[in-house]
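Just need the whole structure built from these sequences, with the hints factored in.
Protein chains in written order, with this note's numbering: chain A, 1 to 373; chain B, 1 to 519.
Treat the hints as calculated values from the structure; they're not laboratory data.
Chain B side only, calculated, beta carbon under 8 Å to chain A, not exhaustive:
hint, residue
1, Ala90
2, Asp99
3, Phe121
4, Ile126
5, Phe155
6, Leu190
7, Lys397
8, Arg459
Derived pair list, reagent style DSS-like, types lysine-lysine, alpha-carbon separation capped at 30 Å:
hint, chain 1, residue 1, chain 2, residue 2
9, B, Lys397, B, Lys417
10, A, Lys214, A, Lys243
11, A, Lys214, B, Lys397
12, B, Lys467, A, Lys243
13, B, Lys131, A, Lys156
14, B, Lys29, B, Lys417
15, A, Lys198, A, Lys214
16, B, Lys427, B, Lys417
17, B, Lys427, B, Lys397
18, B, Lys397, A, Lys243
19, B, Lys427, B, Lys29
Pair ranges (Cβ atoms, derived):
hint, chain 1, residue 1, chain 2, residue 2, range
20, B, Gly123, A, Arg40, 33 to 43 Å
21, B, Val361, A, Ala224, 28 to 38 Å
22, A, Arg39, B, Asp298, 13 to 23 Å
23, B, Pro367, A, Thr245, 54 to 64 Å
24, A, Thr286, B, Gln485, 18 to 28 Å
25, B, Gly266, A, Arg40, 52 to 62 Å
26, A, Thr207, B, Arg171, 52 to 62 Å
27, B, Asp99, A, Ala338, 41 to 51 Å
28, A, Glu51, B, Arg171, 53 to 63 Å
Since the structure is predicted, the reported quantities are computational estimates derived from the model, not experimental observations.
The C-beta atom is built at its ideal place from N, Cα and C for all residues, glycine as well.
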Amino acid sequence: MRRITVEALDDIALGAAVLGTGGGGDPYIGKLMAQAALRRHGDVELIDPHELADDDLVVPTAMMGAPTVMVEKIPRGQEIVSAFQALEAHLGRPVRATMSIEAGGLNSTTPFTVAAELGIPLVDADTMGRAFPELQMCTPTLAGVTATPMAIADEKGNRAILQTIDNRWTETFARSLTVDMGCAAMIAIYPMTGRQVKETCVLGTMTVLEEIGKTIRRARLVHADPIEAVRAATDGFVIFRGKVTDIARRTETGFARGEAALAGTGDDAGQTLRVAFQNEFLVARTEDRVLATTPDLICMLDAETGEPITTESLRYGFRVAVLAMPGDGRWRTPAGLAVVGPGYFGYDIPYLPVEERMGAEGIGSDGPSSGSA
Amino acid sequence: MSLRVGIDVGGTNTDAVLMDGLAVVAKIKTPTTPDVTGGITTALRHILDASGTPVSAVAGVMIGTTHFTNAVVERRRLEPTAAIRLGLPATLALPPMVDWPADLADALGRHVFLCHGGNEFDGRPIAPLDKGELERAATAIAEAGVSAIAISSVFSPVNPGMEEEAAAIVRAVVPDAYVTLSNEIGRVGLLERENAGILNACLRRLARETVAAFRRAIAEMGIAAPLYLTQNDGTLMSAGFAERFPVLTFASGPTNSMRGAAFLSGRLDAMVVDVGGTTSDVGALAHGFPREASVAVDIGGVRTNFRMPDVFSFGLGGGSLVSSDPLTIGPRSVGYRITEQALVFGGDTLTTTDIAVAAGVAEIGDPTRVAHLERPFVGAAMARIQEMSEAAVDRMKTSADAVPVIVVGGGSILIAKPIAGASEMVKPDHYEAANAVGAAIAQISGEVDRVYALAGTSRDAALDEAKAEASARAAAAGADPGSVQIVDVEDVPLAYLPGNATRIRVKAVGDLALSRHAQ
Chain A
1 MRRITVEALD
11 DIALGAAVLG
21 TGGGGDPYIG
31 KLMAQAALRR
41 HGDVELIDPH
51 ELADDDLVVP
61 TAMMGAPTVM
71 VEKIPRGQEI
81 VSAFQALEAH
91 LGRPVRATMS
101 IEAGGLNSTT
111 PFTVAAELGI
121 PLVDADTMGR
131 AFPELQMCTP
141 TLAGVTATPM
151 AIADEKGNRA
161 ILQTIDNRWT
171 ETFARSLTVD
181 MGCAAMIAIY
191 PMTGRQVKET
201 CVLGTMTVLE
211 EIGKTIRRAR
221 LVHADPIEAV
231 RAATDGFVIF
241 RGKVTDIARR
251 TETGFARGEA
261 ALAGTGDDAG
271 QTLRVAFQNE
281 FLVARTEDRV
291 LATTPDLICM
301 LDAETGEPIT
311 TESLRYGFRV
321 AVLAMPGDGR
331 WRTPAGLAVV
341 GPGYFGYDIP
351 YLPVEERMGA
361 EGIGSDGPSS
371 GSA
Chain B
1 MSLRVGIDVG
11 GTNTDAVLMD
21 GLAVVAKIKT
31 PTTPDVTGGI
41 TTALRHILDA
51 SGTPVSAVAG
61 VMIGTTHFTN
71 AVVERRRLEP
81 TAAIRLGLPA
91 TLALPPMVDW
101 PADLADALGR
111 HVFLCHGGNE
121 FDGRPIAPLD
131 KGELERAATA
141 IAEAGVSAIA
151 ISSVFSPVNP
161 GMEEEAAAIV
171 RAVVPDAYVT
181 LSNEIGRVGL
191 LERENAGILN
201 ACLRRLARET
211 VAAFRRAIAE
221 MGIAAPLYLT
231 QNDGTLMSAG
241 FAERFPVLTF
251 ASGPTNSMRG
261 AAFLSGRLDA
271 MVVDVGGTTS
281 DVGALAHGFP
291 REASVAVDIG
301 GVRTNFRMPD
311 VFSFGLGGGS
321 LVSSDPLTIG
331 PRSVGYRITE
341 QALVFGGDTL
351 TTTDIAVAAG
361 VAEIGDPTRV
371 AHLERPFVGA
381 AMARIQEMSE
391 AAVDRMKTSA
401 DAVPVIVVGG
411 GSILIAKPIA
421 GASEMVKPDH
431 YEAANAVGAA
441 IAQISGEVDR
451 VYALAGTSRD
461 AALDEAKAEA
471 SARAAAAGAD
481 PGSVQIVDVE
491 DVPLAYLPGN
501 ATRIRVKAVG
511 DLALSRHAQ
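In structure tokens:
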């Protein structure tokens, strides 16, 4: 157990923006909300998953919706507590702790609001090891854990409890409600036992986020290359450097979809990289070659400052470095790929681990490990 | 003969240059006068007389000013301003000005009103506008004696209706209100757009007075050429537009001096330190243009989402106040009163310029008036000035490698020693007028910001149409058609309108074609 302070949230939010892979919502808004909650109620206790008893009840909390909406329609603030309390009442027994379902983007910090307001601990884990756009895309799904019963709440005071036959249906119904709620809603979901958390979730991710944030901050202080610092800290690869020449966006069924085109600079001069996104960056390819695909992480960072760039802030003329990092090992199995592989998102591209796509040129002395994000 | 005048009106000095093509024909530095007009007419008279130029030969007057940025940084001459946000029951978690520095929020009076309204992403109202609630807010604003009002509404860039409706209700209650609507300035991103709107509102009175002073100065000289102000991306806007949107001049000073520094030094990749009278700016040049900030830009500690040069401003200038025990330098400055108030000019205020004279690195005014300053104190103050400059350069450098540092601006006398981490330190000819040169070489832009229905056409066709129109507008505004380039393209889909509508913004810029203005 350790205490997370208002200041530590700066590093966590920066690390979360990297693992947000362009999506996951504006970490700035999530951070401001969490910091406001910590200032009102004091530090939050972060507990190691192994401190949970097997029969403890854990209820993760999150924001659901389109990132382009969240930077406009800021929450009222109470709706996430409202969702959590609705589910706790429905379950009929006290919840020991809350947790993040998504280490990337603003959902890394949203559960801090619940933890601070209700004085309960936050578990050092998440269910993606990154950001993904849909609710069934959580590692507990692969182990047969059900997302429901779940609660969803909006700023107007509407609340609903959902019970579905599987986690894909949870996504479908919750998405419809989210669109009706204005494309931004708060949820309490995946109620789990302590044992399920320990066995099915990605463990230690809050600490990983804090470390990535610290790494970037330190690199800037000593003028080391922040891109290289992130690459080294994440077992990743710098797959492209270039300038944004076009961004096509469209908002469909509650998602921000689109594609960014980059003209290469330096070693990549003359090449064009196309990066497709659905909230998050999913596929990066040049004219003749696929460089990386989901579930590996594709991140865009400002070429000089290392500041992570979200799909909604991406603009014509930005100079960026594109990094790819291995996703969690469970996502790379056939069962994992069925849920979050390129085929699921409509790309007719076979999945190959990024370290294989990069080939010998990418595998340096510190080649990637077995792939936990 | 066709010439243009570049003028930089700073807090301390007014610099002017007369440029014929790429050559600086005449230049002058003169103190900024309290009425602004006097300093400009003095400067104009000097450069025209010195070069023997008739007023009829002047094709354009371009003014860059740090007036508005300085007002925010120094928290001075800001009007008490009310912020009305339409968004309840949403957005309560982060009210307007939530992340502002406390002293700036205090300076504006914290007149914050959260009201019902705003739109969902698809156009549905979050809540209907509550006329009674807005009238109560307006009454409270009127009773507080506040007339500067900024109105923001959730999703106003895609549906400005509620902001306009609210403005009408507020105007009916607050008779002399001048209202800034967030949709007129910013883009999607509520907090940043709202911040820009509030800053614009608190500067409106200062803007009206300042632009009127500019106009008076030009008219007094009998110059009939168009008056432009430079904006944050280094392009020009008309004086009338600047009067309504002073916030768009933010960071134009640094943009001008950095482009001027690149032009004058011939160094296209370098760090630029511009030391003015009140503040200094540090930024990086890449290929002759300021490196742009890729994310939110802080102005006086406030987050906005303009496209702006990535510049770090700090409170060090030739007029910065120096006090001992404990030693402090800036951020307050005597500004344009330096020639009356600094010790070396016979005043009784200790400034950084006095320190530089006492240290023997500058010869200005009467050195005997600073002879009484104790050596250790002068040494410590000079060391602090060097430290502040080096820390700022260090902060803005993006690699540990040594890079050229170009030092410009009238206050650059303060920097006596090479900056740590510089491969070379360059002080180009006309260094003190780099910002005026940058204003004189500023480009003309043309912009399109419109909703296109993509039903009968493709996105590419709509983009091409918008680009062609923006280019045509730039040319119509005076740009040389051959030099026009598209510099910014953005499209925001509007999911709720039928026919797959999208809002497209395109900006084109080109060099000012002077021959077309010449008689």
